[in-house]
Every structure is written in structure tokens, then in C-alpha cells.
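A.B. asks: Residue numbers (my numbering), protein chains in the order written: chain A, 87 to 244; chain B, 18 to 446.
Some clues are possibly wrong.
Residues from chain B shown here face chain A by an in silico Cβ test under 7 Å; the list is partial [unchecked claim]: (1) His380; (2) His382; (3) Asp383; (4) Gly398; (5) His399; (6) Pro412; (7) Ala413.
If you want the footprint, here are the derived chain A segments under chain B, 3+ residues with CB under 8 Å [as the list claims (entries may be wrong)]: (8) 119–125; (9) 147–155.
Some chain A residues flagged as far from chain B (calculated, every beta-carbon gap over 12 Å) [claimed, not checked]: (10) Leu92; (11) Gln116; (12) Gln180; (13) Ser189; (14) Arg215.
The set of hints was computed from the structure by calculation and includes no laboratory data.
Idealized CB from N, CA, C, for every residue including glycine.
Spelled out, the chains give:
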Amino acid sequence: MSDDPLHQEIILDHYRNPRGRGLRAPFEVQVHHVNPTCGDEIDLRVHLTKDADGRVVVSDVSYDGQGCSISQASASVLAEQIVGLSLGDALMVQQGFSELMQSRGTLTPDEDLLGDGIAFAGVSKYPARVKCALLAWMAWRDAVSQAVDSVVEGKTSE
Amino acid sequence: MNAVAPLDVARIREDFPILRRHVRGKPLIYLDSGATSQKPLAVLDAEREFYLTCNAAVHRGAHALAEEATDAYESARARIAAFVGAHAHEIVFTRNATEAINLLAYAFSNSTDKARNAASLPDGAERFVLRPGDEIVVTEMEHHANLVPWQEVCAKTGATLRWIGLTDEGRLDLSDLSVITERTKVVSFVHQSNILGTINPVATIAAAARAVGALVILDACQSVPHMPVDVADLDVDAIMWSGHKMLGPNGIGCLWAKESVLAAMPPFISGGSMIETVTMESSTYAPPPQRFEAGTPMTAQAIGLAAAADYLTALGMDRVHHHEEMLTVAMLDGLGSIDGVKIIGPGVGQRGSAVSFVVDGVHPHDVGHILDSRGVAVRVGHHCAWPTVRRMGVPATTRATPYIYNDLEDIDALVEGVIAARDFYWGSR
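Sequences are here, hints too, so could you generate the full structure?
C.D. replies: Next up, the structure:
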């Protein structure tokens, strides 16, 4: 899963003790994504709010699913990294993680941006596992692009 | 039972240079032949020899090379036919087994369309015309290739899909044979499950299908490479299998069907080579198998596949089957005795060498990853049989599929690797 024992330990920790797991309300959008090659699945909800300055903030990401250690740990890292960020900053994290995963092991990850996401740098050397690592992040990207309209119009499921 | 001489695996491995490779710094142990087999030098040499000496387009042209290429192609068809006890003119070459199943499925939807439009159909095509109320029967252990094409046929024709369910052990629930009724027009099922390893009772199911006049189709992808298969003994109307799973090249599959069945089917892919006469208004079609081989065929692949059939024949398919039974017993024993491991599929007896399993609390992808880091190549996931894994109550499995070039040491390495994967993930729990 990763050649670096320290990174391995970070991934295992998120796998065994997932942060923010479980579907919660309120939320604007729920998506269901699958990895058709291996059958991994995730249900993911996003809750966006507007702060006092009118900025859109990622107030919650909640999820449930089943899959390998990589896909589950990466969902946990996502929730830990981006909840509480402005949507703009969260999208930067998502973009940084995607770039890292597509780097085939050639990028030095930015810990300030990605937090524990840097542990997946080694995974990017295994093309068969990259989709596992990106499953939750693609689901989040999809959910957010649907949710932005809802939050602007003030539609939230309680 | 007669004593069967064991295979000389060390000698066989010399014919497969890829098996000398190291992966991830470890000697390669290839246990993914159910996905695709490795190729012996004899197959690679046969393809190369064709291109080096007599490459030309077959069934056209009057020059010497064209004649030699046509002879080589048709000789390949005859040798491949003989491998399954068939007549050469009953073998159709396709791109792969999936295309062969689609060729049959389209015989139904195309016949139905043409009958609606009162278009010309071959004599006997009535049995391929489907109407609402007609039924197609498959099983719950089909590869997607023998499921999705039939869902498509139902969507196009208004026919209804039915299936035979599974027991918890992973065998067909034969008390479910009542799904085969007077309304059933086709029964299409797998010979050996690619995921459970189950070998199905062909005669029992074929008899039920025959009793109602249904066409009987057998997916033989996991049986033709691994055990003696003789179409004369099977009492089915059609079988298909892929070349690349039986030591042959990619890009070739085979359909065998009874002469009377092929003759009654309209074409699938149309164009050059499959015609009899062509005018601006309409065309008539060549007899089978040419009717189903439109365009320039995959000549070198057919020749490579014939070399693979010759290679297996020289080993003896009864010896191949016996060798795999020995490896299967070792896998079921070795994996089954690991604490936390559960075999997904039946125990010994009426099962082939595809062995699927799950490790308690460890996702199959993670098991596969640890095995890969030790040089052991297996397949993980739903194995293109998603409804089957769902029925067996697991999200996915790890699957090991040995072949003629594997020995008991490879099974030992598999078992040690699975224990290592379990211990790694169980670690601090």
C-alpha cells in the first residue's frame, strides 16, 4: 500500500479509526459513487453554509461505504482535511490531492496543504490503486458541484 | 480410475520465459490464469512464423501467399475444432468469447427485428424470433459477458430474463429448475464459474432445456482450457471460449454451434467476406462459418491459438485436469485452514481450480496488494460477476487461478502471503 512505513502507519490509522464516518444531517446533496473495476462504494453527503462575510464554507462531509484500506482511509483524510475550510480552499486541497495521485510517485507532497494526505504519495506509484484513493475525493467534487446551487438558493435537508 | 502421469512442471516452465521474471523485486508467481494465461514459445513462434513466411489476406486474392495464408487459417480452424471434438465448419472465430456470446444474442434480436419488418431470414430462424412473454434463462453465477447481452436482448425484444439461483455453498439451486418452462427460448449458463470454481451439471440443465425446446448455450471459457471438453458429449447447441485463457494470443475467441443452428442465424457483423452476392438493393450471405466472419480475420491469432491447442493436446487434457485438481485440493486445504479465511465457493468435487476467498476484516484489494508485494499475482474484485459476489454476501473476493505452469510451491507461497496479509491488517486489533 505504501513503501514508507510511516505513511503505511498513517493510512492504517485512518482505516482503523476513520474520522467523520457515518451519514449526518443537515446536508444539501448526497451522492453514491462506485469503482466499477473493484466494486468499492461510497455514499457521501456535503453540507455547505455561508459565513458572515458571505463566503461558502464546507461545514460537514459525512460518508459511509465499503472498500479497501486505501479507499476508506482516503475518505477519512478528506473529511479531516477539508471540513471547516472555505469552499475555495477545500477545492485547492482536492486539486492538490488529485495531482499527487496522478503523479506516479514524482511529486513531493505539500503537507501544509494535504495533511495526512501526503501518506498517499507512495500509492500513486500503483496505477491500480489510484482510483481507490480518489473515490471519496471524486464523490466529494461531484457532490459539491451539485450543492453550490442549493446553498445559494438556501435548500438544505435537515 | 486410471493412473495419470503427472505434468513435468519444471520442463513446462522453460516454455514460458515470462515466468523467469521478477516483480517488485521477487520471483513472479503467476496465479491469475483465469483472467489470462501466459503464452508458451510455441504460440509466439507460430504467429511470428506466419508473418515471416506467408502473411497475406485470407479468402481473397489468387496469389501464392494468399493461398498459403488461407490454408494456414483453415488448418488452424480444423485443429482448434478437433481440440473440442467439433467439425471445422462449426467453428466461428470471433474477437473474444464476449463477442461470441453477443453473436448469439444478436441472432435473437436481429431475427426479431427482421421478422417484424418481414425481411428475409434464413430457414429455421423462427426459433430466434422472440416475443413478449418469451423467456431467457441464465444463472446467478454468470460472468457479465453471459448476462448483460441477454439483458440487452430482453430490452430490445420484450422477452423476460429469468435465472437459476445459487445455494449458500455456491452451487446452482437445482430445485429452481422450474424457471425453465414452455416459455423458455434460451438457456445460457456457465460450465465452470470463473469466480466460485463450481462445475455445473450440464446434462441435467440441458435435459430440462431440451424438454421445452429451448436453445442450450454453454459458456466454456473456464472449462475448455482446463479439462477435456468434447462437444459431442455435452448435448448443448453452442459453446464459446476465449483463446487467451488457453495459452493462445489475445484477440481471438471461438464459437462452436451445431451446423443447423448456425445455418438458421442471420449475420451479426456484416460487410466484406461474409456475402454471397451483393447488389445496390440487397445482399445474400455466405454459409457459416464465413457468414459470421466479416472483414479481414485475425489470421495470426488463429494460427497462434491452433499452436496452443496442439501444445495442450501434447500434454494431454486429462493430465492438465488432474494436475489442476491436485493444486485445487492444496489451495482449499491450505487457505481453508488459515484462521480468518473463508473459501467462497464449493469444496472439493465438481469444481475447477478457480479458488476465491475472503479474509475476515481485510478487504480483498488489500490482500491482493500484499500478495503483489511478494511477487504473487492474483485477481481481486468482483471478477465481472457482480451479482454472484452479492449473492454470496461479500463485497469482493481474492481469487487464485493456477494452470499448467504452477506447482505446489506456488500454492505454498500463496498461503504464506495470505497469512502475511492477514497479520499485517490484523496487527494491532
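A.B. asks: For each hint, tell me whether it holds in the structure or not.
C.D. replies: To see whether the hints hold, each was checked on the structure:
A distance limit of 7 Å between C-beta atoms decides the matter here; for His380 of chain B the minimum to chain A is near 4 Å, and the interface restraint holds. Below 7 Å, beta-carbon pairs count as interface contacts, and His382 of chain B has one with chain A at about 3 Å; its hint therefore holds. Satisfaction of the interface hint for Asp383 of chain B is found here, the shortest Cβ-Cβ separation to chain A being roughly 5 Å, below the 7 Å cut-off. Interface hint status for Gly398 of chain B: upheld, as the beta-carbon distance to the closest one in chain A is roughly 4 Å, under 7 Å.
With its C-beta approaching chain A no nearer than about 4 Å, His399 of chain B sits inside the 7 Å limit, and its interface hint holds. Annotation: Pro412 of chain B was flagged as interfacial toward chain A, and the flag holds, the nearest CB pair being 5 Å apart, inside 7 Å. The interface hint given for Ala413 of chain B is met, as the beta carbon of that residue sits about 5 Å from the closest beta carbon of chain A, less than 7 Å. Using a Cβ-Cβ cut-off of 8 Å, 3 residues of the region 119–125 of chain A lie near chain B, which meets the minimum of three, so the contact claim holds.
Interface restraint, the region 147–155 of chain A with chain B: holds (4 residues with C-beta to C-beta distance below 8 Å; minimum three). The beta carbon of Leu92 of chain A is kept farther than 12 Å from every beta carbon of chain B, the shortest such distance being approximately 15 Å. Gln116 of chain A, annotated as away from the interface, keeps every beta carbon of chain B farther than 12 Å; the closest lies near 20 Å. Even its closest Cβ contact with chain B, about 23 Å, leaves Gln180 of chain A beyond 12 Å, as expected for a residue assigned away from the interface.
With a least beta-carbon separation of about 19 Å from chain B, Ser189 of chain A lies farther than 12 Å from that chain, consistent with its non-interface assignment. Here Arg215 of chain A does not stay apart from chain B, with its beta-carbon only about 7 Å from theirs, under the 12 Å limit.
Violated hint: 14 only; the structure is consistent with all others.
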